[in-house]
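Participant: Residue numbers (this note's numbering), protein chains in the order written: chain A, 1 to 212; chain B, 213 to 424; chain C, 425 to 643; chain D, 644 to 862; chain E, 863 to 1102.
Read the hints as simulated data drawn from the structure, not as lab findings.
Since the structure is predicted, the reported quantities are computational estimates derived from the model, not experimental observations.
Be a bit skeptical, because a hint or two may be false.
[As the list claims (entries may be wrong)] For lysine to aspartate or glutamate, the following EDC-like pairs were computed, each having C-alpha atoms within a straight-line distance of at most 20 Å: (1) B:Lys340 to A:Glu83; (2) E:Lys932 to A:Asp69; (3) B:Lys340 to E:Asp1000; (4) E:Lys932 to A:Glu72; (5) A:Lys128 to B:Asp400; (6) A:Lys128 to C:Glu641.
[Stated by the list, open to error] To spell it out: a stretch of chain B is covered by chain A in this simulated footprint if at least three of its residues, at any positions, have a beta carbon under 8 Å from a beta carbon of chain A; those stretches are: (7) 344-353; (8) 369-379.
[Said to hold, decoys possible] Not everything, but these chain B residues come out facing chain D in the computed CB check (under 7 Å): (9) Leu262; (10) Val289; (11) Asp300; (12) Ala314; (13) Arg317.
Backbone N, C-alpha and C define an ideal beta-carbon position, used for all residues, glycine too.
The residues making up each chain are set out below.
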Amino acid sequence: MVALSDAVVLVGGFPLLSGVNLELSVTSLNVVTGANGAGKTSLLRLLGGLVTLTSGTGVVCGVDLRSGDLRELRRRVGWLGHEGSFYDDLSASENLTFAAKALARPTSEIAGVLDRVELSSRATTPAKQLSAGQRRRLGLAWLLLRRSELWLLDEPYASLDDEGRTFFDQLVGDVVKSGATVVVSAHDPLRSSALAPRTITLAGGLVVGDHL
Amino acid sequence: MVALSDAVVLVGGFPLLSGVNLELSVTSLNVVTGANGAGKTSLLRLLGGLVTLTSGTGVVCGVDLRSGDLRELRRRVGWLGHEGSFYDDLSASENLTFAAKALARPTSEIAGVLDRVELSSRATTPAKQLSAGQRRRLGLAWLLLRRSELWLLDEPYASLDDEGRTFFDQLVGDVVKSGATVVVSAHDPLRSSALAPRTITLAGGLVVGDHL
Amino acid sequence: MIRVAWLVAAKDLRIERRSRVLLWQVLPFGVMALLLSGLALGAAHAGHSNAAPGLYYLVMVLVALLMINRSQVIEGSPGTRASVATLGLDPAGVFLGKALALAVELWLTGVVLLAGAVLVLHTALGGTLSALPSVVVTLGALAAAGTLYGALSGGGQGPATLLPVLSLPAFAPLLIAGERSFSAALYGGALLQWWVISLVALVAYLAIGILLYGVLEES
Amino acid sequence: MIRVAWLVAAKDLRIERRSRVLLWQVLPFGVMALLLSGLALGAAHAGHSNAAPGLYYLVMVLVALLMINRSQVIEGSPGTRASVATLGLDPAGVFLGKALALAVELWLTGVVLLAGAVLVLHTALGGTLSALPSVVVTLGALAAAGTLYGALSGGGQGPATLLPVLSLPAFAPLLIAGERSFSAALYGGALLQWWVISLVALVAYLAIGILLYGVLEES
Amino acid sequence: MIKQLSQRLLGPVTLLLLALTFWLGLWVTPPDKVQGNLARLLYLHPAVAWVALYVSFGTATIASALYLWKRSRSLVMDRVAHCAMEVSTVFILLTLITGSIWGRPTWGVWWAWDARLTSTAILGVFTVAYLALRRANDDAELRARRSAVFAIIAAINVPIVHFSVDWWKTLHQGATVFTQDGNLLVHGIMLWTLFISLVAFTLLFFWLLRARYRLDVLRGERDQASLEEALVQRRREGVH
Ligand code: HEM
Ligand SMILES: Nc1ncnc2c1ncn2[C@@H]1O[C@H](COP(=O)(O)OP(=O)(O)OP(=O)(O)O)[C@@H](O)[C@H]1O
Ligand SMILES: Nc1ncnc2c1ncn2[C@@H]1O[C@H](COP(=O)(O)OP(=O)(O)OP(=O)(O)O)[C@@H](O)[C@H]1O
Ligand SMILES: [Mg+2]
Ligand SMILES: [Mg+2]
C-alpha cells in the first residue's frame, strides 16, 4: 500500500522529512508518534500527495510519488488535517451535499452521516461558527462520505470530547475491518484496547522506532 | 477573582452561554470540561474580556464586565487560544521581542524563555512554518513573558507532545503557587497528580457540575 | 466536466448570495469609483462623454480584481484546499465553474454600471445598449482570465497584492478592446473588429484554463 | 504612546521589508495602473498633461487601498488579535504606529510614481518638485485615514471588499485637494489653499485616530 | 568538441561583433539625411528591441512550454526560463531607454501614448510580475508550474506589441527595414551594420543567459551543500 525509501521532502530549503524508509501493508492500522516538529504532519501530507517528494522513492496506492499522477492519488485518500476541511461559509449539511455531489454519491446519505457524528442539531449552522470539536466532527463526517482506500488522520483526538473519541475508535476499527488502510498521527495512544495498531515513531524527520 | 451570575452571551442571536453562575477564588486551578459545543471556549473568552456580556452580571479581576474597562481587564489576563497567538510573518524570537518590548520587559529574558519551551533551535523560523505543537509552545512562551494574574488556556494539551504536557503541568503548578488564577479548558484530565484542580462541567452553555 | 462546472458554480454563487458581499460592497464600490474617476479628471474635462468607455472599463477591471480575490478567498484555508483536493474534482470543470460564477457576478455588476454610465457620464442610451454584446463578451473574457490569475496568484493564500500586479498587464488588451468597441458603439467606428478580438481572447483564455488549470492547483 | 508607536511601526515595516511585497507587487502595480489609466483615456486625450494630477492621485488611492489591506492582514488571525489585545498596548500608540508605517510606504511609492508621472505623463519637473510638500501631506492624510478605515472594515478579517467601499467616500475629498494643489503647482493657481486643506485633514484624522482607535479595536 | 569550442568562443565573438557594430555604426556609416547623427540609434535600438521581444522572451516561453510538457518536464527548463526572463527584463528596460532617448529629439517628448511604446512597457511589467510571482512561491515544483503558465500567457502579448504599429497606426516607426512587400528600405553599409548589430545583440543575449544560468547552477550547488548540512542537522534533532 505504502512503500517509501529514503524519502526526503524539502520546503524552502528545510528538510521536513530527512530520509524515511517505511512500508505499510493494506488493511492495517498505523499510529505515527513523535515529539513536536518530528515530521508527522509532513509524512501524512506526503502520503496524501499534498506535498512533492524531493528525493528518494515512494509508491502509495500504486501511484509513484515522483512520476505518477498525484491527483489520482489524492482522489483515493481521505484527509483530516489540523485545520478545518470544508467551506467556512456553507452550513454543515451544505458542505456534505457538495462533497456527496462531487463524489456522485446519493445525497440521501447525508442525514445519516450527520447523525452519526452527532451534528444533526447544527446542520444549518455555518461551518465557521461551529466549536473546535464540532469542526472536527464535521471533518469526520466528510470522511465518512468518502470511503477511501487510505485514511490519513492528523491528531484526530485533538478537541474531540470523550464521546467523540470513543466514536472515533469505533469508526477506525470498522474502517480497517472493511479493508482500508489507516494512518493516524497522535500524541496519545489510542484508547480502545480492541485496536492493535502498529506504532511508528518519528524524530528529526526519520523513522526511529517501529513496533506492533 | 471571578464572579459571574446568570451570565448570558449572545452572538448573532445564538446563546453561547445561557446563564452561567460561577465563582472562582484567587490562586486556584480550575478545569472546565464538557462535551463539544458546550460553551467552554465561550466562557474563557468572556472571562478574558474578548466578548461582551449580553445579560447577567460579572466581575473579573475587579473589572465589571458590563460597565468596566475591558481593555484594562485584557491587559491582566494571559490567553492561549485554539489558534496561533502571534505574528505569522515574524520569527519566534521576533515575536517574543515584540511582546517583551510591549510589556516593557527586558529582552534578555527571551533566550531563557525560548529555551524553557524548547524552541531555541527554531528561534529564527517564521511562526507560520512551525509545526502545530511548536506553535502551541510559542504560545506558551508568549504567556511566560506575560506573568498575568489570570491565565485562560483553551485546550492547552492539544498538539503538545508528551514532554510538552509534562512541562505544561509543571508550569501550571508553578503559576498557581506564585499566586495567579488559572482556568483551563480540557477534554482530558490533567495528568500530573500533584495538581488538584476544581473541575467545572458545562453543558448547553450552563454549569452542570462542579467538584474539587 | 460540465457536471463539476455546474456544481462549483452553484457553490460559489450560493456563498455569494448568502454573504451579499457583491450587493453591499462591490457594487457600491463600483458606483463610487465611477463617480470618483469622473471627479479626478476634474472640471477641465467637463465633457466626460468621450472618456466614458475608458472609465467604465477601468472601473470594471477594479471591480473584477475585487471579485477574483473574493472568488479565491472563499476556497478557504490550506486545510480546506487539501480536503477538497482529495475529492479529485476535474480541474477543467473547476475552472469552468469558477469562471462561470465570476462571469455571472461581473455581468450583473456590469449592467448596473452601464446604467450608471448613462446617468452620470451621459453616454447615449441607444449606443450603450448596442455595446451590450461586446460588454458581455469582454467581461466573460475578464472572468476566464481572472480565474486563471486568481489560481496563479496562490489562490487567496498569498498576499492580496500579488493578484493585481499579475493580472493587470493581461487585462490591458481586454480593456483596450472593450473600450474601443464601446467607443465605436457610441461614436461610430469599427465595432465588429474589436468585438472579435474580445471573443478571441475569451476563447483563448477558456482554452488555456481548461488545459492548464490542473497544473496550477495547489500541490 | 510614542514608545508604542515606534514599536508598532518598526514591527510593520520589518514585516514589509522581509516580505518585499511593496517592492515586487505594489510598486509594479502602481506603475501598471499609471500606464493603464493613461491608456484608458485613449488617444483622444493625447495631451494628457492636464489630467496628470488626477491620474496620479487615482493611482495612489488604489495603491493605498492595497497597502491598507495588507497593513491589516499582517495583524493576523482572530487568535493573534486576541493575544495581542491582552498585551494592552495603548490604542493611540498602535494607531500612530500603523499610520506611520503606512505613510512611509506611501511616501516611497508616491515619490517613485511622481517620477513616473514626469516621464510618462509629461508633468514639468519643476512644478512636480514644488508639489512635493503637498503630496507628502496628502499621502500622510491618506495613511491616517486609511489606518482608521482599515480597523473599521474589520481589520483584514472581513472580506477584502469592505475596505474599498467604506474608505472611498472619505478619500474623495483628499483626492480632490491633492489633485488641485498638484494642478496648481503645475499650471499655477491657489496652491497654498488646497495644501492647507490636506494639512487640516491630516491633523483631523490623526486626532480622530488617537481619540477613537481604541473604540474600533476588536472587542 | 564543437560544443566546447562554441562555448569557449561565445564571449570573444560577441565582444568582437559588438565592437564591430559600434565601429561601423559610429564611424563608417553616413549620417541620415533627416535625422543626422541620431539615426545611428538605428544600430542599437531595433537590435535591443528584437532581442527583448523575440530572442529572450521567446527563449523563456519555449523553456516554459517545455517544462509544462510532461515528457520534457525538468527543473532545468524552469531554470532556463527564469534566467531568460531576467535577462529579458534588462533588454526591455534597454529598449525603453534607447527608445526614449531617440524619442526625445524626434517626437519632442520622452514618452508618447503610442501603442507600441505602451505595449512594450506592459510587457516590461509582465516580466517584473513574473519575477514577483517566483518570489512569492517557496515550493520549487509549484513555483515552476505557476511561472511556466504565467510566461505562456504573457507571451500572447508579444504579437500584440509587434502588430500594434499596424493596428493603431501611431507615432512609432512602422516596419522600416523590411516592408510588407519585401522591399528593402535601407541599403548598403547601413543594412549590413543593422544586420551585424542584430547578430551581435543576439549573441550578447546568449552570453548573458549562459552567465546567469551558470550563476544559478553554482547557487544550486551551494544550496545542495547546505542541504546536506541541513539534512544532517535535521536528523540530529531526533537524538538527544
Ligand atoms: C520608448 C520608446 C520606444 C520603444 C518602447 C520602442 C520599442 C520598439 C520595439 C519593441 C521594437 C521592435 C518591434 C518589432 O520588431 O516587432 C522597435 C523597433 C524599432 N524602433 Fe522603436 N521604440 C521606441 C522609440 C523609437 C523611436 C523614437 C524610433 C525612431 C524614431 C524608433 C525606431 C524603431 C525602428 C526603426 C525599429 C525597427 C522597426 C522594424 O523594422 O520593425 N523607436 N521599437
Ligand atoms: N523554513 C523552515 N525553517 C526551519 N524549520 C522549518 C521550516 N519549515 C518547516 N520547519 C520545521 O519542520 C517541521 C515540520 O514538522 P511537522 O509539521 O511535520 O511536525 P509534526 O511532527 O506534525 O509536529 P506536531 O506534533 O507539532 O504537529 C517543524 O519542526 C518545523 O519547525
Ligand atoms: N450562529 C450560530 N448558530 C447556531 N449555533 C451557534 C452559532 N454560533 C455559535 N454556535 C454554537 O455555539 C457553541 C460554541 O461553543 P464553544 O465554542 O464555546 O464550545 P466548546 O465548549 O469550546 O466546544 P469544543 O470542545 O468543541 O471546543 C457551539 O455549539 C456552536 O455550534
Ligand atoms: Mg503536526
Ligand atoms: Mg472550544
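Participant: With the threshold set at 20 Å, check whether the alpha-carbon distance from Lys340 (chain B) to Glu83 (chain A) stays at or below it.
Facilitator: 13 Å, holds
Participant: Cut-off 8 Å, C-beta pairs, minimum 3 residues; does the coverage of the region 369-379 of chain B by chain A stand?
Facilitator: holds (count 8)
Participant: Against the 20 Å threshold, does the CA-CA distance of Lys340 (chain B) and Asp1000 (chain E) hold or violate the hint?
Facilitator: At roughly 13 Å apart (the allowed maximum being 20 Å), Asp1000 (chain E) and Lys340 (chain B) satisfy the hint.
Participant: For the restraint on Ala314 (chain B), tell me whether the closest CB of chain D is nearer than 7 Å.
Facilitator: Holds - the Cβ of Ala314 (chain B) comes within 7 Å of chain D, reaching about 5 Å at its closest.
Participant: Are the Cα positions of Lys128 (chain A) and Glu641 (chain C) separated by 20 Å at most?
Facilitator: 24 Å, violated
Participant: For the region 344-353 of chain B, count the residues whose Cβ lies under 8 Å from any Cβ of chain A; is that count three or more?
Facilitator: holds (count 5)
Participant: Minimum Cβ distance from Val289 (chain B) to chain D below 7 Å?
Facilitator: 6 Å, holds
Participant: So, as I understand it, the hint says Arg317 (chain B) touches chain D; can you test that by seeing if any CB pair is closer than 7 Å?
Facilitator: Hint on Arg317 (chain B): violated, closest Cβ of chain D at ~11 Å, above 7 Å.
Participant: Take the shortest C-beta to C-beta distance between Leu262 (chain B) and chain D; is it under 7 Å?
Facilitator: 5 Å, holds
Participant: Decide if the proposed pair is consistent with the structure: Lys128 (chain A) and Asp400 (chain B), CA atoms, cutoff 20 Å inclusive.
Facilitator: 25 Å, violated
Participant: With a cut-off of 7 Å, does the beta carbon of Asp300 (chain B) approach a beta carbon of chain D closely enough for the hint to hold?
Facilitator: Asp300 (chain B) check passes; min Cβ-Cβ to chain D is 6 Å, inside 7 Å.
Participant: Are the Cα atoms of Lys932 (chain E) and Asp69 (chain A) separated by 20 Å or less?
Facilitator: 11 Å, holds
Going through the hint list in order, the structure does not satisfy hints 5, 6 and 13.
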